[in-house]
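Residue numbers (the numbering used here), protein chains in the order written: chain Y, 260 to 667; chain G, 260 to 667.
Check each hint, because a few of them may be wrong.
Computed list of lysine-lysine pairs in DSS-like fashion (alpha-carbon distance at most 30 angstroms, straight line) [stated by the list, open to error]:
| hint | chain 1 | residue 1 | chain 2 | residue 2 |
| --- | --- | --- | --- | --- |
| 1 | Y | Lys263 | G | Lys270 |
| 2 | G | Lys535 | G | Lys551 |
| 3 | Y | Lys505 | G | Lys263 |
| 4 | G | Lys505 | G | Lys535 |
| 5 | Y | Lys505 | G | Lys261 |
| 6 | Y | Lys551 | Y | Lys535 |
| 7 | Y | Lys593 | Y | Lys563 |
| 8 | G | Lys563 | G | Lys593 |
| 9 | Y | Lys505 | G | Lys563 |
| 10 | G | Lys270 | Y | Lys270 |
| 11 | Y | Lys505 | Y | Lys551 |
| 12 | Y | Lys270 | G | Lys551 |
| 13 | Y | Lys270 | Y | Lys593 |
| 14 | G | Lys270 | G | Lys593 |
| 15 | Y | Lys263 | G | Lys505 |
| 16 | Y | Lys551 | Y | Lys563 |
| 17 | G | Lys563 | G | Lys551 |
| 18 | Y | Lys270 | G | Lys593 |
| 19 | Y | Lys261 | G | Lys505 |
Simulated restraints on C-beta separations [said to hold, decoys possible]:
| hint | chain 1 | residue 1 | chain 2 | residue 2 | range |
| --- | --- | --- | --- | --- | --- |
| 20 | G | Asp633 | Y | Val303 | 50 to 58 angstroms |
| 21 | Y | Pro509 | G | Glu648 | 33 to 41 angstroms |
| 22 | G | Glu403 | Y | Met340 | 41 to 49 angstroms |
| 23 | Y | Gln480 | G | Leu295 | 33 to 41 angstroms |
| 24 | G | Gln335 | Y | Ala412 | 26 to 34 angstroms |
| 25 | G | Asn272 | Y | Ala412 | 44 to 52 angstroms |
| 26 | Y | Ala412 | G | Val592 | 49 to 57 angstroms |
| 27 | Y | Ala412 | G | Arg285 | 52 to 60 angstroms |
| 28 | Y | Gln480 | G | Glu438 | 57 to 65 angstroms |
Derived from the structure by calculation, the hints contain no laboratory data.
Since the model is a prediction, treat every value here as computed from it, not as a measurement.
Just so it is clear, CB atoms sit at the ideal spot from N, CA and C, and this is done for glycine as well.
2 protein chains.
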Amino acid sequence: MKWKLAARSEKMNPSVLREILKVTERPGIISLAGGLPSPRTFPVSAFAQACADVLGAQGEAALQYAASEGYAPLRQAVADMLPWDVDPEQVLITTGSQQGLDLVAKVLLDPGSQVLVETPTYLGALQAFGPMEPQAVAVASDDEGVLPDDLQAKAGGGDARFVYLLPNFQNPTGRTMTEARRAAVVAAARQSGLPIVEDNPYGELWFDQAPPLPLTARHPQGCIYLGSFSKVLAPGLRLGFLVAPKSIFPKLLQAKQAADLHSPIFNQRMVHEVMKDGFLDRHVPTIRALYKRQRDVMVDALRKEMAGLDVQFRVPAGGMFLWLRLPAGIDTVKLLPLAVERGVAFVPGAPFYADADTADARTMRLSFVTASEDQLRTAIAALADTVREQLAHAAAARTQELLAASPT
Amino acid sequence: MKWKLAARSEKMNPSVLREILKVTERPGIISLAGGLPSPRTFPVSAFAQACADVLGAQGEAALQYAASEGYAPLRQAVADMLPWDVDPEQVLITTGSQQGLDLVAKVLLDPGSQVLVETPTYLGALQAFGPMEPQAVAVASDDEGVLPDDLQAKAGGGDARFVYLLPNFQNPTGRTMTEARRAAVVAAARQSGLPIVEDNPYGELWFDQAPPLPLTARHPQGCIYLGSFSKVLAPGLRLGFLVAPKSIFPKLLQAKQAADLHSPIFNQRMVHEVMKDGFLDRHVPTIRALYKRQRDVMVDALRKEMAGLDVQFRVPAGGMFLWLRLPAGIDTVKLLPLAVERGVAFVPGAPFYADADTADARTMRLSFVTASEDQLRTAIAALADTVREQLAHAAAARTQELLAASPT
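Taking the hints into account, I'd like the entire structure generated from these sequences.
As structure tokens, this is what we get:
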């Protein structure tokens, strides 16, 4: 029996990351690889209470089919918590913010059209856009975010449908777009008429001060905003949301309805129940404090263990990830199995680049939130040992080559 | 701000059904329109216990990210409950079986390729397939199901990728494919090499005897099977599953990962917990008994209230729906607002036809499971009154026309 597949299926290959990460699932490995929130932050007892309350008071409604738009009080709560004027009618509850990416791709991307992305960028976004067969075009960036000039040039250069941006504590780099850059990026988008899809799963996880206002707050008619409950409550419920201009909301809603009818109403009512009475205002600061301590532990360990090595990283001001660049000669894809032998796993940086040719093989993404403080110290020490060993091997190999090439 | 939409978005128009049904949401209307299971069948207290158990014993795991394939014990439970040899590695847990349709479309349908469907068929499937821009081709059918000859002719006539079939208590017609027809349809599919996508949300809801074996059980390498927990437990959790041959499973899995990473693991663990110890074997018979009583009430009411009218229907042997054909001269789309005035809502049949030209304007779908027995009797009486009134109006109008046309 031969199945004829759609052309787009040919491009659906096992996620490089997924294959790489399989090796990290061995028992005894300290993983800095996953994008998993610390389970210590999950409000298990608040959820238990909310389950009991929802099933007790609204059991039948919580288990029945529901509106594709989402649970009205939850849409209202989302509108209320965002820092610009949002009508609940613009809020669509999604099955995780990953689904928001799928819906946006369906509604906006034709085969051969362009989607502009930061490079590196969130791998899951590239995977969500892929089935609609766009061309991903990398926009140049520096420490402050994408470069407005390059954005504008690429907005006008082809059939670009939108630029996908993660302004806060970006996955994978941990970078945050500055206030000045946000203003300039929005100006460039306005001028070129290029829509922005703004993904903000980590924005609440700031350590010392809140990041600048979202891009969408500055240009609501030109942006679709994606948010998530995964990092402030728990990812296992798969609840996110998008906020879209009213002109395109109906198309996103119809795509949503076709995709899964609606997100689980039980989960929506439970999250609404948990969020009541300002729960997030009390809960999220505890996550921030924990993640800040963990970041400090990782940064201290890197400074101590990597001393003398040519490693580069920026200290993230929030979120979950630190982006590390290792000395010349190190390829992190090749380094990974050696690190795993020493009991530590990370994600090599290369898969996060939309264009494999520009991928920086010296980079890796480290999560500082899943492992414990002791594990972080142990893992960074093991990683430094692996790097030093690799550099020594490379130096020895070069000496061998030189000897072999020299006249005997 | 002008958004350039993907070509497929042009085809995403507000569901006709959705617009029609808005009118039915007025208070005081007895709705026979929705496909909503009776909330009396939701095992609320079993879910409450399962929530408490899952959060108590596995709280962190139930709230964390999880595997895209689904929760392994639930995949095993699905494999165990199906009546053919299924490896749990072939089972993908989906966000409702609606998502299974979305994934199948992404993996198998190219723009301009063909998807063969029964006519009428499940509207949500047409909506899920639509964004991949196939051509929907109707296969002729009779009371036993699709006609194997026509299936084979259309399988070979163009770029057909699969035939979508609901063999049990079909939505919207309530029809069940006979044993002989299943054998012939599978033979035709084998011979033409045409894959079958078999959707079976209602199969467990039989009244007197279980329906014949699924098509997939007869031809597992040539079929994708879609199942759902919505009708045997509750739709508000949005959990379904698909079973696919191992050759194409990886593509479906990758499409799933890109669509929403995974279905809510909390819901998966909860459903697994509820299903333990043979719960469905005790619970599902109570649903069957309730729905059978409700069907009987509707059928009795139709026979009584519609006596003397040229109405046609088959008595469904299971499921949730009865398909009614009204006398010549009635257009059910036009009848709906009049019925709503009399306090009853239904779904006109026309939107369920893939090809609007072949739509039978005299048909409607009635759900016998959501309303109570008393409501069913009241609703059918009101519907009969509406039909009689319409026929009288039509007769009067014809008399007027004749009078106007006759020489004065």
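Now for the hints, and whether the structure bears them out:
1. Y:Lys263 <-> G:Lys270: holds, 25 angstroms
2. G:Lys535 <-> G:Lys551: holds, 26 angstroms
3. Y:Lys505 <-> G:Lys263: holds, 14 angstroms
4. G:Lys505 <-> G:Lys535: Measuring from Cα to Cα gives roughly 27 angstroms; hence the hint holds.
5. Y:Lys505 <-> G:Lys261: It holds: about 12 angstroms lies between the C-alpha atoms, which stays within 30 angstroms.
6. Y:Lys551 <-> Y:Lys535: holds, 26 angstroms
7. Y:Lys593 <-> Y:Lys563: The hint holds at about 24 angstroms.
8. G:Lys563 <-> G:Lys593: holds, 24 angstroms
9. Y:Lys505 <-> G:Lys563: violated, 49 angstroms
10. G:Lys270 <-> Y:Lys270: Holds, because 25 angstroms separates the two Cα atoms, which is no more than 30 angstroms.
11. Y:Lys505 <-> Y:Lys551: Judged against 30 angstroms, a Cα distance of about 38 angstroms means the pair is violated.
12. Y:Lys270 <-> G:Lys551: violated, 48 angstroms
13. Y:Lys270 <-> Y:Lys593: holds, 24 angstroms
14. G:Lys270 <-> G:Lys593: holds, 24 angstroms
15. Y:Lys263 <-> G:Lys505: Within the cut-off at roughly 14 angstroms; holds.
16. Y:Lys551 <-> Y:Lys563: holds, 18 angstroms
17. G:Lys563 <-> G:Lys551: holds, 18 angstroms
18. Y:Lys270 <-> G:Lys593: violated, 47 angstroms
19. Y:Lys261 <-> G:Lys505: holds, 12 angstroms
20. G:Asp633 <-> Y:Val303: 50 to 58 angstroms: Violated: the Cβ-Cβ distance is about 44 angstroms, outside 50 to 58 angstroms.
21. Y:Pro509 <-> G:Glu648: 33 to 41 angstroms: holds, 35 angstroms
22. G:Glu403 <-> Y:Met340: 41 to 49 angstroms: violated, 55 angstroms
23. Y:Gln480 <-> G:Leu295: 33 to 41 angstroms: Holds, since glutamine 480 of chain Y and leucine 295 of chain G (Cβ atoms, about 37 angstroms apart) stay within the stated range.
24. G:Gln335 <-> Y:Ala412: 26 to 34 angstroms: violated, 54 angstroms
25. G:Asn272 <-> Y:Ala412: 44 to 52 angstroms: Given range 44 to 52 angstroms: violated, Cβ gap about 36 angstroms.
26. Y:Ala412 <-> G:Val592: 49 to 57 angstroms: holds, 52 angstroms
27. Y:Ala412 <-> G:Arg285: 52 to 60 angstroms: Check passed, 55 angstroms falls within 52 to 60 angstroms.
28. Y:Gln480 <-> G:Glu438: 57 to 65 angstroms: holds, 59 angstroms
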